[in-house]
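Participant: Given chain A's structure and the hints, the job is docking chain B onto it.
Just so you know, the protein sequences line up as chains A and B, in that order.
The first sequence lines up with residues 6 to 120 when you count with the numbering used here.
The second sequence lines up with residues 16 to 231 when you count with the numbering used here.
Be aware that a few hints might be false.
[Claimed, not checked] Derived pair list, reagent style DSBU-like, types lysine-lysine, alpha-carbon separation capped at 30 Å:
{"no.": "1", "chain 1": "B", "residue 1": "134", "chain 2": "A", "residue 2": "79"}
{"no.": "2", "chain 1": "B", "residue 1": "171", "chain 2": "B", "residue 2": "140"}
{"no.": "3", "chain 1": "B", "residue 1": "68", "chain 2": "A", "residue 2": "101"}
{"no.": "4", "chain 1": "B", "residue 1": "140", "chain 2": "A", "residue 2": "79"}
Rather than coming from a laboratory, the hints here were simulated on the basis of the structure.
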Amino acid sequence: MSKKDLANVTADLSALASMMPTQRPNAIVTPTPAPLASEPPAVKVASAPKAKGKTAEPEPVSQFSLSLRRDLRKQLARLADDADMTMRAFVLNALKAQGLAVRDEDLLDLRKERA
Amino acid sequence: MSIIAIATTKGGAGKTTLARLILARAALGGLKAAAVDADFNRTLTDWVATAAKHPITVRHELDETKIVPLIGELHNWHDVVVVDTAGAASQATIFAIGCADLVLVPIAPSSADIVEAIKTVNLIKSAAQMLRRDVPHRVVLTAVQPGTNIAEHIEKEIAKAGLPVLATRLHRLVAFQEMSFTGVPPTTGIAGNQCTSFLNDIAALGGLPIAMKLAS
Chain A
6 MSKKDLANVT ADLSALASMM PTQRPNAIVT PTPAPLASEP PAVKVASAPK AKGKTAEPEP
66 VSQFSLSLRR DLRKQLARLA DDADMTMRAF VLNALKAQGL AVRDEDLLDL RKERA
Chain B
16 MSIIAIATTK GGAGKTTLAR LILARAALGG LKAAAVDADF NRTLTDWVAT AAKHPITVRH
76 ELDETKIVPL IGELHNWHDV VVVDTAGAAS QATIFAIGCA DLVLVPIAPS SADIVEAIKT
136 VNLIKSAAQM LRRDVPHRVV LTAVQPGTNI AEHIEKEIAK AGLPVLATRL HRLVAFQEMS
196 FTGVPPTTGI AGNQCTSFLN DIAALGGLPI AMKLAS
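Just chain A, same shape as in the assembly (with noise of 0.2 Å):
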C-alpha cells in the first residue's frame, strides 16, 4: 500500500487550527467569568442545595429562569431543534461566543444519557 506524507499537515494546518476550541479534556480552559455589576429584572438565581458528605466536591449548580415573549420562546424552541440540540445547550452555545467559559461538558445532551 502506497504511504502519504502527513508530515506538514500538522505544521501547514497550525495557525488555522488554534483559533478552532480543542477536544482534549486536560487542555480546556475555563477562566472565571467577571461577576455582573447587577441582574437584570427577569433573571431569577436560586442555589441549588449543597451536597452532603462527599470527599470530591462537585461544582456548585445554580437554576436560571429566564421570562421570554412568547414569541421569542418559539423561535428559540425551533432553532435548538433545528441545531439538534437542547434549548439549554443553544443558548449557552451562543453565550460562548460572546466569550461567556463555557466547557464543552456544559453543552452535553443529557436527554440521551437519560434515554
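Facilitator: This is chain B only, laid out in the frame that chain A set:
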C-alpha cells in the same frame, strides 16, 4: 490507500451514517477498512464494537496532537481510512481535513445544516490554501424526502450557495436506520442501490480504490 474525512460543524447531519455505509460496504467488499472516531460521543466506535459484521479497525481519538500520526499509521495498513469528526468545529476536524483525499459534508434537510455546511466548506477552502493543495470535497444530501417542498428548497439553497454536491442523494430510508442496530449495510433494493451509487461517486473522486469490489 485513501483517507475520507466526514465533517460538518452541525450535529445530526448524518456523518456517522455515511461513515458506517462506507466502512461496512468496504469491509464487505474485502477491503481493509479503518476508522478514526474523533467524536466525543463515540457513536462510531460503539457501533463497530457492537454491531459491525465485518472486520473494521476503529480508534477513538479526540486529541488533535495525536490524530494526524494515527491517521498516517492506519493509512499505511488499510485500503481506506474514514475519519468521523465531531459535530462542532474543533482542531481535530481541521487536521482530519488536512489529511483527507476527500472530505464529505453531510446535509440533512434543515436550515441549520446548510448554514453549517457553508461554514465547513469555507473551513476546507482555508485549509486547502494553507496546505497549498486542493482538498476535494462534496456535500452529501442525507435523509432526503423526494418530492417534498423541503427537498426542493434545500436543493435550491445549496445551488445558490454554490456548494459542490455529490450526485447521489441518500433518502430517508429505514434500511439506513436499521444499519445502526444490525451492522448490515444495505446491498439490495432502493437503499442498496443508493449506497452503491454513493460509493461509486466517492471512488470516481479518488476517495476509494477504483478496484473496490462492491458487494451486491
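Participant: May I ask which of the numbered hints given earlier this structure violates, with the numbers listed in increasing order?
Facilitator: 3 and 4
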